[in-house]
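Here the protein sequences line up with chains A, B and C, keeping their order. Going by my numbering, the first residue of the first sequence is number 3, and it counts up by one from there. Going by my numbering, the first residue of the second sequence is number 3, and it counts up by one from there. Going by my numbering, the first residue of the third sequence is number 3, and it counts up by one from there.
Just so you know, the hints here were simulated from the structure itself, not pulled from any lab data. Because the structure is a prediction, the values reported are computed rather than measured. One should not assume that every hint holds.
When chains are identical, the list treats them as one kind, so a pair holds in a single copy or across two.
Using 30 Å as the maximum straight-line C-alpha spacing, the simulated DSS-like pairs for lysine-lysine come out as follows [what the hints assert, rightly or not]:
#1 411 - 568
#2 38 - 568
#3 296 - 671
#4 287 - 57
#5 411 - 38
#6 11 - 671
#7 287 - 568
#8 75 - 519
#9 57 - 11
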Amino acid sequence: MKQASNIWKHYAVGVCYYPEQWPETLWAQDLARMQKAGIGTVRVGEFAWVLLEPKEGEYHFDLFDRFLDLCAKVGMQVIFGTPTATPPAWLTEAYPEVLNARPDGILLRHGARRHYNYNAPAYQRLCAAIVEQLGRHYGQHPAIVGWQIDNELNCETDEFYSAADDAAFRRFLQAQYGSLQALNDAWGTVVWSQCYTDWSQIYTPRPVLNGGHNPGLLLDYRRFVSDSCIRFAGMQADILRRYVKPGDFLTTNGLFFLDNHRLMDRALDVYTYDSYPDFALELDKARDELLDRKWSKNLTETRSVCPHFGIMEQQSGAGGWVNRMEMPSPRPGQLRLWAMQSVAHGADFVSFFRWRTAPFGTELYWHGILDYDNRDNRKLREVEAFGRDLAAMDEVCGADFVASFALVKDYDNEFDCRADRWHDRIARHSEREIILAAQLSHTPYDVLYLRDETDPEALAKYPVLLYPHPMIMTERRAALLEAYVAQGGILIVGCRAGFKDIHGRAPMLVQPGLLRKLTGTEVEEFTYVNQLEGEQRYLPVFHDVLTPLAGTQVLARFEQGYYAGKPCLTQRQTGKGMTLHLGSAFSREMVTRLLAYAGVLEPFDGDLSAPEEVELVCRETNGARYYIALNYPDRPASLTLRRPMQNLLTGQTEEGDLTLPPFGVAVWKAE
Amino acid sequence: MKQASNIWKHYAVGVCYYPEQWPETLWAQDLARMQKAGIGTVRVGEFAWVLLEPKEGEYHFDLFDRFLDLCAKVGMQVIFGTPTATPPAWLTEAYPEVLNARPDGILLRHGARRHYNYNAPAYQRLCAAIVEQLGRHYGQHPAIVGWQIDNELNCETDEFYSAADDAAFRRFLQAQYGSLQALNDAWGTVVWSQCYTDWSQIYTPRPVLNGGHNPGLLLDYRRFVSDSCIRFAGMQADILRRYVKPGDFLTTNGLFFLDNHRLMDRALDVYTYDSYPDFALELDKARDELLDRKWSKNLTETRSVCPHFGIMEQQSGAGGWVNRMEMPSPRPGQLRLWAMQSVAHGADFVSFFRWRTAPFGTELYWHGILDYDNRDNRKLREVEAFGRDLAAMDEVCGADFVASFALVKDYDNEFDCRADRWHDRIARHSEREIILAAQLSHTPYDVLYLRDETDPEALAKYPVLLYPHPMIMTERRAALLEAYVAQGGILIVGCRAGFKDIHGRAPMLVQPGLLRKLTGTEVEEFTYVNQLEGEQRYLPVFHDVLTPLAGTQVLARFEQGYYAGKPCLTQRQTGKGMTLHLGSAFSREMVTRLLAYAGVLEPFDGDLSAPEEVELVCRETNGARYYIALNYPDRPASLTLRRPMQNLLTGQTEEGDLTLPPFGVAVWKAE
Amino acid sequence: MKQASNIWKHYAVGVCYYPEQWPETLWAQDLARMQKAGIGTVRVGEFAWVLLEPKEGEYHFDLFDRFLDLCAKVGMQVIFGTPTATPPAWLTEAYPEVLNARPDGILLRHGARRHYNYNAPAYQRLCAAIVEQLGRHYGQHPAIVGWQIDNELNCETDEFYSAADDAAFRRFLQAQYGSLQALNDAWGTVVWSQCYTDWSQIYTPRPVLNGGHNPGLLLDYRRFVSDSCIRFAGMQADILRRYVKPGDFLTTNGLFFLDNHRLMDRALDVYTYDSYPDFALELDKARDELLDRKWSKNLTETRSVCPHFGIMEQQSGAGGWVNRMEMPSPRPGQLRLWAMQSVAHGADFVSFFRWRTAPFGTELYWHGILDYDNRDNRKLREVEAFGRDLAAMDEVCGADFVASFALVKDYDNEFDCRADRWHDRIARHSEREIILAAQLSHTPYDVLYLRDETDPEALAKYPVLLYPHPMIMTERRAALLEAYVAQGGILIVGCRAGFKDIHGRAPMLVQPGLLRKLTGTEVEEFTYVNQLEGEQRYLPVFHDVLTPLAGTQVLARFEQGYYAGKPCLTQRQTGKGMTLHLGSAFSREMVTRLLAYAGVLEPFDGDLSAPEEVELVCRETNGARYYIALNYPDRPASLTLRRPMQNLLTGQTEEGDLTLPPFGVAVWKAE
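With the rest of the complex left out, here is chain A:
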């Protein structure tokens, strides 16, 4: 894996700005107010295609020329976004083949955003042209410090069904399989007489009765969409790299459903996430237990792609579109809390979305720092205070995140969840419970994706790997895990492990298949846990009834049903380490016990303690430890520091019992 260099040496604050949406007479005032509030960078341009090229091949740079020159003059840094997320109406009218489509072939039209597909040659040509023009025109501009490719790739939808996608899907499959025979074998098309006898018979998923698509096709379709997206971004990156100044970075924003690690390797210098925790408080929406704190999960995912990342869009006001999504305004303190959540998890740059709320358009209710009336307000004051906080804690910038364990994933299994509802139900349940257990017990974790490039060192960093349901398992990954355990690691796996091969097929192996050697178990029976059987609090969703092989120790047994008394949890030694095999999905309670059993629960308990509702993060650098405490609820929280530590935000040294205010944040240095 390409390890992202630390782009930002010091914490930095930015904002998203749309010079094209405002009278030019406001620009200078806006920039001056930003700078007063500590904002040193603006992101611009990502939705401005029709202004830059109002007619095919006719480029107009004057508006952005004037704005960037002004930025250069006043010392404001600029990140320029390529505008390819929103092709203009002239383009989609002239080239309707660039549009995305529904599975039934109905085109998705101009009028919202992201209505294009990645594979239409016409779109690739037109995007290459505008990116080339932008690179050539602004690549050397002194105000520019970085480039954003497109905007939120795979947002709005990650499904593509245009004719161009059909053609590209066939090419993708030809490259992957070489022959139709290999494809038919991989997908098991012999079932239901589905064998393909010509490549032209293959399409992206079209309407079929009861959605009964072949799962092999669905799995490869997810790989194809990811690949299409990465090729599209890579094409832009290749062009931009010919023009950008030394030191200027390439990024993209958001984190959507694709192989983001490969996107990073292929096209980017640094990853920037868009963090909107107010989604948790959306009206009419079912509540997740972690609410806004759940965004720490997304930040952890981002950190797995890029350990020191940026936030391109940090929520600064209520979110909403005119037709959906209704969020309350962040309360006083929440804006700063959410920004600090990003910083705690590894963001070195925080750019707020957006300077001032749009006065028109679908995002009329996606509120910025300033409201429609343009007056100074509490949000602006909070941004300014946040900037002062960052300055006070600048020594934390670039410090390492301290994780007790790694939650292991891979894209094959992630993609398979979209093809397989049985897989998804188990995996989704376990992931929610694992994160809940880790968060509430103050046991921080990293996410570790097993990739072709992953080496044993990447695993060995963690004393414990929790790989909940590696249904798809490969020889290479099994070997990586064996090496990990052998050198002393503790591996925990749950039900259905090793049940599928790389194509999503079930090989004729006793489960857990390729992991049987490590777990020292055989799965005798397996079943969904029927909801009629009463609460399955500790062993939820699905059961693998385990038979221990010789030398495998039974830690727990099922207590209910026809397999009561049979093992549900086993332990197997391999080399210096061991493997725990749980014949179930994971419950919060079980995860807590397993982490305790593995000796990694609550690692900071010696230094400080906090109630469940406070998130504790630890960062480490040059021998110094930094604790960051984030209090999410609208009520005070009581913490205890077990030794004196310096509060970087106040400069005070603190010890013993203390109180965090509602939405409060503290950063302590423990040397």
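Based on the hints, put chains B and C in the right spot on chain A.
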């Protein structure tokens, strides 16, 4: 506003009849039974196109000739409906471009009704031809007393997406904006690179990702649909007016989502509503608190269009289609109660739907007065008794409705609710609560639409105007309101007032924008009230935190949340009147208090009192007051008359405590 | 009705097998393990089209030649399925007109199964060709004992909207009506100007506003789909009969929504059902009270088509597709319980689905006897034990099912439920309650379909006929019922009887129309029972208020509402029998009382008693009675034998109190 003349000098009863659905041998008997039951008018013809023109250009009038001649002979009056709501199969096969379409372009086909669009030139030509033929043939027929244009315009759907609509939408926009620059400005297409560079790029809303259409487009689309419908009706009216006898009226029926006031002005002599309160009792349907009494809201809306109106279709039996809608039969007394509800609110003519239940077709379960078996039944007896009631109270015909206040609306804000869910959520909540408060406290109201034609006198009639959420505000309307307050009126507005301009954009003004002078307030912050914050019983949904300007009095303050202690209700004097500004949506409790504060709550309390579940209506003419009491539940209600009044239905003079039976109605004259 | 001959003289066990899905090296081992487990028949071929004909007109029989020869060699019998349920990709690419379509015309594509329509000439030609080839090639093969036509006709969908269906629908209607005038009359197209003036104007139901199709069209559409399916199967049967060996049978599997009796008469020698009771335990699914026991309803329906039938697919493991349906594994004993449920209701042949779970494809989770790992398991042991049970009770094979009453149905009313939601709501409620009452009171019933071919003897077999809601009634059926009652039968009918004619129109008759003479009642009023009126436990959903004619006895009266005191249940003598008329839908309580009143409740009470949760079935042959008891819950059940009986499964004679284990089954012989 064209004030509708009083078409009916005396109360009249009618019925909907379909001579084409029955053996001709039944006609004479049916008419005789109708007349025996007090029915003097039949509405015919509105679904008979294929009989009148079974082949393009080939007209057959013989069936209706025979029927109308029979009517003339027996003295039955006829309202003839133009049959354009249901184009025949031959027509839609020959001219598929006349069909309406789904947003994805799939045509909506022959087989139900209202499957046409208003804008196809072929449809306009064919409709003009059949209407011309009908006018010419029956215009002078002695049985005819009026004409109904089409049937329930904009019922079934008020969305149109055909190619003809696309073309007409472009013409509508060209006429409205003149230039694309003006349109792009109005819609804010600079957001998301949506700028149109050619008129041909504009369409009615087509499929886009996540429904994220531009709200300016959606708002103008609603105006366009309304305009299309009115032009279509106007075209028919222009033709008919060339042929109708003096004194015969033009109307249409139902009340659907369009600018009904403009429809009235453009095309009609009188409005007739279709009243189906049994919808409230439909199976599997969520219950509204007011149940069938809620139809008083619709009748109030109808009264705002046309103070003395008719009912073209008054429910006489259970409603239902074979594929949806399942209603119980009205209980004994309910048919009369519902008809009296119409009369109480201003109907001078009540035509029941329908004489006898259809024995086939989609409306097999839309029951008429007579059942399938054609026997005399209790419903027929109830219709007859209702006719006698009307005769006994005929002096009330044409009397004015006495309203304590006006609920103010305008079509810009109504239409914006369909474009903007945030708007709709607030407006819908408040309207429901306002109506509930007014109904349960016996505080009758009118609805007053602010239109280009509205003059200050229209407002000055009311001591109190409640304009809950005029999000869109214009200079002209603000001036009207200022004049109203200055002359002594009390204006009440709620949250989000003055936040948008005529295109739905948020101008850079301190809210409530153009109303700030009247309210004497500034909105400091605003937010949805998150459901997590506990019950917001008195101040629901959305909060505007108010800052009073000098001279503005604070009446109440928020009690919860981070803005506790800040004003939520203010009062500002302007001239002889005042403005109350509520920083919230309206709750029933708040409305009741505000009406009491304004001195208009329970205006009839000196004359009589009734329990909440009884609706009280007051009508006034020539110095006489008439009270109408309607008891909706299936249980008796106790009322008290504080002075002697004559019960017109019984002829008795009553005073003191008395009891209304279940579903009972009383009409008292109080001189 | 063609009475199916008893195909199987002795109980037989089979399994579904897919030789094409496994390495040929496994075949011999698989067959040997099957035979060891008592399996003597395999069903093959039904999804193998692309292997048999990988290219149009190019047939490859080698794979199945090798497999069938092996079967012949080891003595395994083979049922061969024609592969027409899954046309290959080459076929649908070359002939897209063979595809089924959505109502909006969007084609349903290759990639799942059953994506074809029955009416495309190209498909009929290609199916005829492959069936002809198979018949010619395998008709005389010694391993073959029977043929399955297609697979689960009308499964996945029973709606067809392709252009080929439009054309065929027109031909079907022309044959039925002769003239458009007759069709227009039958459908009542005079309503809403729907009259057809050319056959080409008629289509299968296409998109219309609010789904408001003409119900006459919908009713005939259901008849058309049924007819299309039967013609398609008949075409295959005609071909196969030219080639099959004497004694080999033709069948099809499953039981879906069509006139299965006519299908049987037209094309089959025996019916085979696919029984999957685990659907009752599917996750996220609302629970029916009878759970897996509800499959007895389906088996009863199958018995009505074919008294001695087979099970082609008997559930042997958890069911599921990758995209939907999630079932827990059957528990130990359930597999045998469910197979015995089939046998108890008349199955003489039980073929399990499937030998081993598919390792790929959409049905990855449709588990077979063997799991992915191919080890012996408890399911295989249970199949083997079930085979031994069958051998022990072989004398029951071919015995008659003993029914206390018949639940009467006809396809006109069944089809009308799909056209008419009012009909469906009432009929569905009553059927559920009737089955519940019969099951829980151990009062077994048959289902009797009234058909053109039904003669009085078919009715006279039953002392009681319960014909819950014959809304559509014909002269012929009324006469059949009169003859039945006259000879001593008891007929029970519920609300809405006789309300419609054969086209679904309401004739101008006093209800119950053609049944009025039998019931001796007139329906005075009718209404849905509004849910607001409180629990209608005994008289649910819909009320017909009855007026008894002279000579009719009133058994019960309504107790609530405005018709309290009016009759709700009457009795009328005709000849030696009587008719009970209930003015309501049926409740479980009412059904129990009516069956008791008719003297048929709990007919086996003298021989044995069982708790509600145990199903009791009685079979009779040669003067011997056999009782089969099935215990569905996961807990023991206490029964009492009132006289000594021989338990055929254990060989023991038992009497008095005894216990059935969880999921237990017993078979007693009572001579």
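We went through each hint and held it up to the structure:
In this assembly of identical chains, residue 411 and residue 568 lie within 30 Å of each other by CA distance solely inside one copy; the values are 29 Å within and 50 Å between copies. In this assembly of identical chains, the alpha carbons of residue 38 and residue 568 lie at most 30 Å apart only when taken from different copies (29 Å versus 67 Å within one copy). In this assembly of identical chains, the alpha carbons of residue 296 and residue 671 lie at most 30 Å apart only when taken from the same copy (25 Å versus 65 Å across copies). Taking identical chains as interchangeable, the C-alpha atoms of residue 287 and residue 57 are never at most 30 Å apart, the minima being 42 Å within one chain and 52 Å between chains.
Neither within a single protomer nor between protomers do residue 411 and residue 38 lie at most 30 Å apart by alpha-carbon distance, with minima of 43 Å and 44 Å respectively. For a Cα distance limit of 30 Å, the shortest separation of residue 11 from residue 671 inside one copy, 19 Å, qualifies, whereas the shortest one across copies, 87 Å, does not. Within a single copy, residue 287 and residue 568 get their C-alpha atoms only as close as 40 Å, which misses the 30 Å cut-off; across copies the closest is 29 Å, which meets it. Proximity of residue 75 and residue 519 under a CA criterion of 30 Å is satisfied in neither setting, with 66 Å inside one chain copy and 41 Å between copies.
Taking the shortest Cα distances, residue 57 and residue 11 never come within 30 Å of each other, neither inside one copy (41 Å) nor across copies (65 Å).
Checked against the numbered hints given earlier, this structure breaks hints 4, 5, 8 and 9; the rest are met.
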